[in-house]
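Visitor: This is what each chain is made of:
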Amino acid sequence: MHGFLSPVIHDDGKDVVNEAVPLRIVVVEPDRDRASMIVDALDAAGPFEVTVVAENSDLSHRIAKAVPDLVLIDVSSPSRDVIEELALASSPLERPVALFVDESADGLAEAAIEAGLSAYVVAGLTAERIKPVLDAATARFAMIQRMRAELTATRRALEERKVIDRAKGILMTARGLSEDEAYALLRRTAMGQNRRIPDVARALVTAADLLG
Amino acid sequence: MTASLRAAHLRLVDAAPLIVARDLGLAEAEGVALDLVTAPSWSALRDMLGSRRVDVAQMLSPMPVAMALGLGGARGAVEALQVLSVNGNVIGVSPALAARLAGAASGDGAFGDAAAAGTALLAAAAKLPLRVGVPFPFSMHAELVDYWLERAGPPAPGAIVVRTVPPSLMHEALEAGEVDAFCVGEPWGSAAVARGVGRLILPGRAIWAFAPEKVLAARTGWAEAEPARAGGLMRALHRAASWLSDAANLPLAAEMMARDTGLGLSVELIEPALTGCLPLGPSVVTPVPGFVEFHRGAAAFPWRSQGAWIADRLALRHRLDRRTAQAAGRRVFRSDLYRRFLGDLAPDMPGASGKIEGAVSVPTPVASRRGRLTLEPDRFFDGAVFEPFPDS
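Heads up: the sequence lines are chains A and B, in that order. Per the numbering used here, numbering through the first sequence is continuous, rising by one, with the last residue being 232. Per the numbering used here, numbering through the second sequence is continuous, rising by one, with the last residue being 1350.
No lab work stands behind these hints: they were computed from the structure. Watch out, some of these pointers could steer you wrong.
[Said to hold, decoys possible] Interface residues of chain A toward chain B, partial, derived using beta-carbon atoms under 8 Å:
1. Val-72
2. Asn-76
3. Ser-96
4. Pro-98
5. Asp-101
6. Glu-104
7. Ala-107
8. Val-121
9. Asp-122
10. Leu-205
Every residue gets a Cβ at the ideal spot worked out from N, C-alpha and C, and that includes glycine.
When you get a sec, could you build the whole thing from the sequences and use the hints?
Guide: So this is what it looks like as structure tokens:
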């Protein structure tokens, strides 16, 4: 005996998926809203048996317990590496999963990656059975990605607004300027230094905080 | 004429040569506009390389070998153009386990005594399955932990459970009591200590003194098809590694890296690994000479025997034919390309492409093109040597 990753007996991909039983899908997603959006999309394309794993802790066993045919996870999740463990014969899963890499013409895998989705499938699952799942999930992930980008942009705009307001306030107090004059000064400084107004404002706020 | 080149890396201190090569203008001087991309995980990084979103990537040294052996969840062939860093991992335990280890009779607690630390850990493991977190199934971390505990024991069947835990989530796993011990690259060991959820018990180099940790990986055939870009980048990385080997440059290197928003690490987190002054626990800092090595002892040279060692370990664990596996591992480490692209630049180009791993116990001058190569100690903690099967 060598090593200490104890082997688990698994079959070799023969007759592993029963066509009559709905596919079992695990969605790894800690955000509850996003998870339910994905589940809704899958249900509409179903019937599937969908399990959401929201916890990062002990992820491979949580996934293994659901004995999935497919695992869906966000490309940007650091927990993706845990799923690689499930690709090994010694994994806690009965049948090893592999990253879905489509080589057909319709570019199923590319579209999924583009949308920020990674899909792992068990050995023996046919492309026809995967397609409806991936189509539904890809569309939903793409939507989530857009929403996330918009949210980030909104947050940044809001944060920059706050910083500029504080910087204006500092200038108004320190130099006795009106609000418009304070803003004009920030803008002139930014242009002169070839920087963005929020960056100049942030530097001023930081300096003012340091000086107490 | 500059050619753009995209390289992926993870949020790790040993991404230093890539960041230095870009920010000191070393890549540009070689005609390469280096664009760095931070990947969220090793699997994502591997997929970026496979899908041509990046040209090269900082990979865990066992990743290209595992792919060549058909292990893991992805297809595609990649090869190691050079080693990016040697050593640089730490092994740590939860505070609870640290307290138990301190109470045990074995080991005087010296940071660097792998045999004593291994015995103590296995004694503690006898009472429970010891769960060890590593960043990826195919990593030097997993190989070192496996080699170490096997040779320090062997452990009773089922006494050790190795789990994949992303380093940035390791402190959560420790806090939640899901792992008892871990092996990670910096800054994640120091970060666990700083959060009070971990204590360091051993630097990775105490297990193998010259372990190839990260490699510069490219899709098989890419470097030969793109000699100008591949060679340019490798020469820039050589200069970056040389610059990093001067201790006087390290504060600036840490500042430079802290400014990188993709890396997203503070100077406080970067410095311990770069300077080799590690916080073992609250208010205990220990110097570890050679903690991470980018340059000395031909650190960047991709020895065929390093690829063979990794392949041999993977073959043993995954029950593959060792001879075939070693041959595949050797092929993945492209010492021929390194020789071709670095040419006259490296004054310490080795004369041979493979060596007996673990045979050097003191700095040793060896045959090289200009007779200026000194090999650094590369001993395994148990004194074993690894001689690959002869090339067939």
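Visitor: Could you run down the list of hints and mark each one as holding or not?
Guide: Hint by hint, here is what the structure shows:
no. : hint    : in the structure
1   : Val-72  : violated (19 Å)
2   : Asn-76  : holds (6 Å)
3   : Ser-96  : holds (5 Å)
4   : Pro-98  : holds (4 Å)
5   : Asp-101 : holds (5 Å)
6   : Glu-104 : holds (5 Å)
7   : Ala-107 : holds (3 Å)
8   : Val-121 : holds (6 Å)
9   : Asp-122 : violated (12 Å)
10  : Leu-205 : violated (27 Å)
Violated hints, in rising order: 1, 9 and 10; the structure is consistent with all others.
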